[in-house]
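Visitor: For reference, the chains in residue letters:
Protein chains: 2
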Amino acid sequence: MKKLKRSGRLVDMTYYMLQHPHEVISLTYFADRYQSAKSSISEDLVIVKEIFEQEGYGTLLTIPGASGGVKYMPKVGEKEASEIVDKLISQLAVPGRVLPGGYLYMMDLLGSPRFIQDVGRLFASVLAHKKIDAVMTVATKGIPLAYAVAEYLNVPVSIVRRDHRVTEGSMVSINYVSGSSKRIQTMTLARRSLAPGSRVFIVDDFMKAGGTIRGMIDLLEEFQAELVGIGVLVESVDVDAEERLVDEYMSITRLSEVNVRDKTIKVEAGNVLEKLVPIAEEDLS
Amino acid sequence: MKKLKRSGRLVDMTYYMLQHPHEVISLTYFADRYQSAKSSISEDLVIVKEIFEQEGYGTLLTIPGASGGVKYMPKVGEKEASEIVDKLISQLAVPGRVLPGGYLYMMDLLGSPRFIQDVGRLFASVLAHKKIDAVMTVATKGIPLAYAVAEYLNVPVSIVRRDHRVTEGSMVSINYVSGSSKRIQTMTLARRSLAPGSRVFIVDDFMKAGGTIRGMIDLLEEFQAELVGIGVLVESVDVDAEERLVDEYMSITRLSEVNVRDKTIKVEAGNVLEKLVPIAEEDLS
Chain X
64 MKKLKRSGRL VDMTYYMLQH PHEVISLTYF ADRYQSAKSS ISEDLVIVKE
114 IFEQEGYGTL LTIPGASGGV KYMPKVGEKE ASEIVDKLIS QLAVPGRVLP
164 GGYLYMMDLL GSPRFIQDVG RLFASVLAHK KIDAVMTVAT KGIPLAYAVA
214 EYLNVPVSIV RRDHRVTEGS MVSINYVSGS SKRIQTMTLA RRSLAPGSRV
264 FIVDDFMKAG GTIRGMIDLL EEFQAELVGI GVLVESVDVD AEERLVDEYM
314 SITRLSEVNV RDKTIKVEAG NVLEKLVPIA EEDLS
Chain A
64 MKKLKRSGRL VDMTYYMLQH PHEVISLTYF ADRYQSAKSS ISEDLVIVKE
114 IFEQEGYGTL LTIPGASGGV KYMPKVGEKE ASEIVDKLIS QLAVPGRVLP
164 GGYLYMMDLL GSPRFIQDVG RLFASVLAHK KIDAVMTVAT KGIPLAYAVA
214 EYLNVPVSIV RRDHRVTEGS MVSINYVSGS SKRIQTMTLA RRSLAPGSRV
264 FIVDDFMKAG GTIRGMIDLL EEFQAELVGI GVLVESVDVD AEERLVDEYM
314 SITRLSEVNV RDKTIKVEAG NVLEKLVPIA EEDLS
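If you read the sequences in order, they're chains X and A.
Under our numbering, read the first sequence as residues 64 to 348, first letter to last.
Under our numbering, read the second sequence as residues 64 to 348, first letter to last.
Hints in this document: simulated from the structure, not taken from any laboratory.
Treat the hints with care, since some could be wrong.
Said to hold, decoys possible - Straight-line C-alpha distance at most 27 Å; calculated DSSO-like pairs for lysine-lysine:
id, chain 1, residue 1, chain 2, residue 2
1, A, K150, A, K338
2, X, K66, A, K65
3, X, K65, A, K68
4, A, K134, X, K65
5, A, K134, X, K68
6, X, K68, A, K65
7, X, K68, A, K66
8, A, K150, X, K134
9, X, K101, A, K68
None of the values given here were measured: they were computed from a predicted structure.
Modelling step: build the complete structure from the supplied sequences, incorporating the hints.
Guide: Below, the structure written as structure tokens:
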């Protein structure tokens, strides 16, 4: 590309970083890209890092050594994290969301790419320092969340299905007990869609007893894969402790009461805010 | 936020633009945000626009008038568009992708958030100047693509389903004929998940005769919604002209031959490259 001045480099670098989260970019790459001295690139990076940290966008991590460089880690600051949680709480509390059977209509929220991106960035923020190879979810409603997290973490997505489609080749199936209905169901994952030994983050839109997520954890074993964490958008606390099938997870919100007759619900913040990590990293040098 | 110098403003503005595509942002907003004069903001925007256009990231459009401001329109340049198409062609041609029945395994591609984002940006680029209110797809495999396009266009997603879930309230169902199997099937969309009168872009991962997409078009009528365009990742040309149920669409790639015995396929570029729009817009002033 054309030789760029600092102002141009800062715009291009910011764009490039956002397109390549969690990827180590060498200073040489930028120096060649902009036909600039590495010392100038280093100064640029200090400016980008300062703004990112100050505004709560994340940070740049310096990776030392021959294969080193700089890595953009998307993060969310405490203030923005609270805003995301509060937004979901107030949106969930809108009347008319309660459906027959006590289900909640959530497709308006799940159908908003920007909201989903925010939640994805919040999960990715908490996971910033963990080694993760893949994000897993179950079709259908968890899919957008899984992609949002995976995009920020720069890893692939594995989609578990409740039906058996002929179009994905050899499949691994397991049976699981749906926590609330106690019925035995089947879930499947294409053999090729998760590398053996992967370290996996599981995400879903809703968790009650956690049967579906428990099923996905069992599925991980079939792939010799390892669970790194679980994230849900909404957890229902209307579950007896001994019925809960999943222990450790993070949730954006917690649904404490659903009144089907009045069509009202009570929602509170989940535990994700307790798990936030600081934005700033050690200085670039 | 703190008063920022030009270098800081350029980093923050670039970040902000990327988070808010297809949204009109007033100069006053930026002037207040950075405690800077509007004349300085205008100069900043000229720099951002120049780099975005030069590097093929899109453009900034000036919206005149009292409710005016600047709008970031993500676009893809010819060179990058060709690279995206070529990448898909070479990835599809990898042996072992052909499954029994002549289906193609594509979850490795569909499971890559960055690739999906690129394709989404390519579709959004072609659609940059069209008025679009929603992106529609059918579960499951079209979902990531739909979110990627919708994110760049700043509109919501409507997910049509082939099953009937109790958790989405009142649903609208239609019957459609699956083009290849000729069987009658049902697809449903939650009443609340598409605003009546919406202008809709339909996207899916694969199209053969187009029966599924034809079904979605029929569903649009039930919502008094209007079709603005159709995009598919892979179209199969192994269809008689009279069997084709959809006329106007754009495709990233075209599958011309699937040899189940040899497990080989032939793929070529779709028509999306013919539909690209120029990146540059009239000068900011």
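Visitor: Run every hint past the structure and note whether it holds.
Guide: Verification of the hints:
As the CA atoms of K150 (chain A) and K338 (chain A) are separated by approximately 18 Å, the hinted pair is consistent with the 27 Å bound. A threshold of 27 Å between alpha carbons decides the hint, and for K66 (chain X) with K65 (chain A) the separation of about 31 Å lies outside it, so the pair is violated. Between the alpha carbons of K65 (chain X) and K68 (chain A) the distance comes to roughly 24 Å, so the proposed pair stays at or under 27 Å and holds. A distance of roughly 25 Å separates the Cα atoms of K134 (chain A) and K65 (chain X); the hinted pair therefore holds under the 27 Å criterion.
Distance hint between K134 (chain A) and K68 (chain X) is fulfilled; the C-alpha atoms sit about 24 Å from each other, no more than 27 Å. For the hint linking K68 (chain X) to K65 (chain A), the alpha-carbon distance of about 24 Å falls within 27 Å, and the restraint holds. Pair hint K68 (chain X) plus K66 (chain A) holds up; C-alpha atoms about 22 Å apart against a cutoff of 27 Å. About 25 Å separates the Cα atoms of K150 (chain A) and K134 (chain X), which keeps this hinted pair within 27 Å; it holds.
Simply put, K101 (chain X) and K68 (chain A) have alpha-carbon atoms about 23 Å apart, close enough for the 27 Å limit, and the pair holds.
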